[in-house]
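K.L.:
So the sequences go chain by chain: D and G.
Just so we're aligned, residue 12 is where the first sequence starts under the numbering used here, counting upward by one.
Just so we're aligned, residue 12 is where the second sequence starts under the numbering used here, counting upward by one.
Quick caveat, the hints were computed from the structure, so don't treat them as lab data.
Keep in mind that this is a model prediction, so the values were computed, not measured.
Among the hints, a few may not be true.
To be verified - Straight line, CA to CA, 20 Å or less: simulated PhoX-like cross-link-like pairs of lysine-lysine:
1) Lys239(D) - Lys238(G)
2) Lys143(G) - Lys233(D)
3) Lys154(G) - Lys124(G)
4) Lys170(G) - Lys170(D)
5) Lys244(G) - Lys67(D)
6) Lys238(D) - Lys67(G)
7) Lys244(G) - Lys137(D)
8) Lys239(D) - Lys154(G)
9) Lys143(G) - Lys239(D)
10) Lys141(D) - Lys238(G)
11) Lys238(D) - Lys154(G)
12) Lys233(G) - Lys143(D)
13) Lys137(G) - Lys143(D)
14) Lys141(G) - Lys238(D)
15) Lys141(D) - Lys239(G)
16) Lys244(D) - Lys62(G)
17) Lys137(D) - Lys239(G)
18) Lys244(D) - Lys67(G)
19) Lys170(G) - Lys56(G)
20) Lys244(G) - Lys143(D)
21) Lys244(D) - Lys154(G)
22) Lys164(D) - Lys170(G)
23) Lys203(G) - Lys164(D)
24) Lys239(G) - Lys56(D)
25) Lys238(G) - Lys137(D)
26) Lys244(D) - Lys137(G)
27) Lys164(G) - Lys203(D)
28) Lys170(G) - Lys203(G)
29) Lys154(D) - Lys238(G)
30) Lys141(G) - Lys239(D)
31) Lys143(D) - Lys124(G)
32) Lys238(D) - Lys239(G)
33) Lys143(D) - Lys164(G)
34) Lys141(D) - Lys244(G)
The chain contents come next:
2 protein chains.
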Amino acid sequence: MNILKIIEEYGFKSASNYYLRCKFILFNNYMKNIIEVLNWRYATKKFDAEKKISAKELGEILEVLRLSPSSYGLQPWKFIIVNNLDIREKIRIAAYGQSQITEASQIIVFTNKKNIDAQLVDDYMKFISKEKNVDINNLQGFKDMMNGIISSKTSEELKIWATYQLYLSAGNLLTSCAVMGIDSCPMEGFDKSKVDEILGLNELGLESKIIIALGYRSDEDKSAVSKKIRFPKEDVVLEIN
Amino acid sequence: MNILKIIEEYGFKSASNYYLRCKFILFNNYMKNIIEVLNWRYATKKFDAEKKISAKELGEILEVLRLSPSSYGLQPWKFIIVNNLDIREKIRIAAYGQSQITEASQIIVFTNKKNIDAQLVDDYMKFISKEKNVDINNLQGFKDMMNGIISSKTSEELKIWATYQLYLSAGNLLTSCAVMGIDSCPMEGFDKSKVDEILGLNELGLESKIIIALGYRSDEDKSAVSKKIRFPKEDVVLEIN
C-alpha cells in the first residue's frame with residue numbers, strides 16, 4: 012500500500028499538525044510490505060559514487076551480518092570491509108573491471124574459514140560455555156555430534172558446506188539492506204585466488220567467495236528500470252496436498 | 012525504538028481520534044528496526060501446532076521466494092510446499108524425527124534442478140526474450156557467456172553452484188519471514204535421497220537440499236529464551252582502511 016494513500020485514507024490531511032507528525036513517522040518508520048521491498052531491490056550495476064552509506068548504517072549492516080544464522084551456529088566466516096581505494100582498484104581489476112567495486116559506497120568481501128576442524132569446534136564450545144555460563148562438560152553431546160559431522164566429510168565437502176552458510180548470510184544481507192533502503196550488487200565473478208592475495212587472506216586462514224557492493228543506485232542505472240525477470244509461480248512452486 | 016515510545020513522544024495520546032488511527036497504522040505497518048527483527052528471529056524448535064499461517068501470508072512467502080535473487084537470474088530451483096500430513100510424517104522420519112516437520116504450520120522443501128545445462132540456458136533465454144519483448148538474437152552474447160560458464164564446470168560443480176543460490180534464497184526467506192513476524196527453522200539434517208523418494212523428486216529432475224519449517228513459536232519453546240550465540244564483531248568483521 013502506498014504511503015500517500017494511507018495518509019489520504021486515514022484523513023490526516025484534515026489536521027495539519029497531526030498530518031505532519033504522522034507523515035514524518037510514516038515516512039521514516041513505515042514498514043513497507045516485504046514484497047514491495049524485494050521488487051524495489053535489484054542487482055545495482057551503476058552506483059551513485061557521491062552517495063555514501065553513513066557510519067550508523069554501516070554499523071547496522073555489520074550487525075546484520077553478525078546476526079546471520081548458520082548451521083549449528085558455527086559462523087564459519089569473516090566479512091572484510093575494504094575502505095582503501097587503492098586496494099579496491101586492485102580488486103576491481105581482479106573482478107574483470109566491474110565498476111561497482113570502486114563506485115559503490117562500500118564493498119564487503121565474504122570469506123570462509125579454510126579450516127573447519129576439531130579446533131574450530133573446540134573454540135566454539137568454549138565460547139558457548141562462556142556466553143551461556145554453562146559448564147563445558149554439559150556441551151559434550153553437542154561437541155561430539157559436531158565432531159562426528161566434521162569427521163564424516165572430506166575437507167572439500169566441509170568447505171562447500173561452509174560456503175552454503177556464507178550464501179545464506181549473503182541472502183540475509185541483500186534482503187536486510189533492501190529493507191533499509193540500501194542498494195546492493197552481489198558478485199561471484201572475480202578471480203578468487205587473486206583477491207585472496209590482494210587482501211592477504213591466506214595468512215588469515217580465509218578464502219574469498221562473494222563480494223557485495225553496497226550504496227545507492229545512480230539515476231543513470233538502466234538496470235533499475237529494466238523488467239525484473241522471474242519465472243511465474245507455477246514454474247517455481249509446487250504444492251503437495 | 013519502541014512503538015509505544017514513538018506514540019508517546021509524538022503526543023498522539025492527546026488526541027484520541029488520531030491516536031487510535033496512528034496506533035492502528037503503526038502497529039500494523041511500523042518498520043521495526045532490522046536489528047530488532049534479526050534478534051527476535053531464532054531457529055524455532057517447538058512450534059505452536061494450533062497457530063497456522065494464513066493463505067494471504069503463505070501467498071506472500073511464496074512471492075518472497077519467487078523474487079529471490081540468483082546468479083544471472085537463473086533461478087535453478089523449485090520450492091515444494093508439503094501440506095499433506097501423511098507425507099510430512101514420512102519426511103519427519105527421514106529427518107531423524109525432528110518434530111518441527113509435523114508441528115510447524117508449513118514446511119517448504121528447497122530443491123535444485125539436477126540438470127544445469129545448455130537446455131536450461133536456452134529455455135531461460137526464450138523466457139527473457141518473451142518477458143522483455145526483445146529479439147532472442149539480441150541475447151546471444153548473454154547466452155554465449157552463460158554457456159561458457161556452464162561448459163567450464165563439471166556437473167558436480169554446477170550442482171554446488173546451484174545449491175549456493177538455493178542457500179541465498181533461504182537466507183532471503185528467513186529474513187523476510189522475520190520481518191513479517193513469522194517464525195522459521197531451517198534444517199539440513201535429513202536423508203536427502205529418502206526425501207527425494209518420498210516426494211518423487213527424481214522424476215521431476217529435482218534434488219532436495221534444505222527444509223524450512225514456518226509458523227509460530229510455542230510458548231513452551233525453551234530455545235526462544237536461550238541466549239543467541241554470536242561471535243563478537245571483532246571476530247567476524249575486519250575493516251581494511
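K.L.:
Could you work out which earlier hints the structure fails to respect and list their numbers in ascending sequence?
P.N.:
Numbers 1, 6, 13, 16, 19, 21, 24, 31, 32, 33 - these are the hints that the structure violates, sorted from lowest upward.
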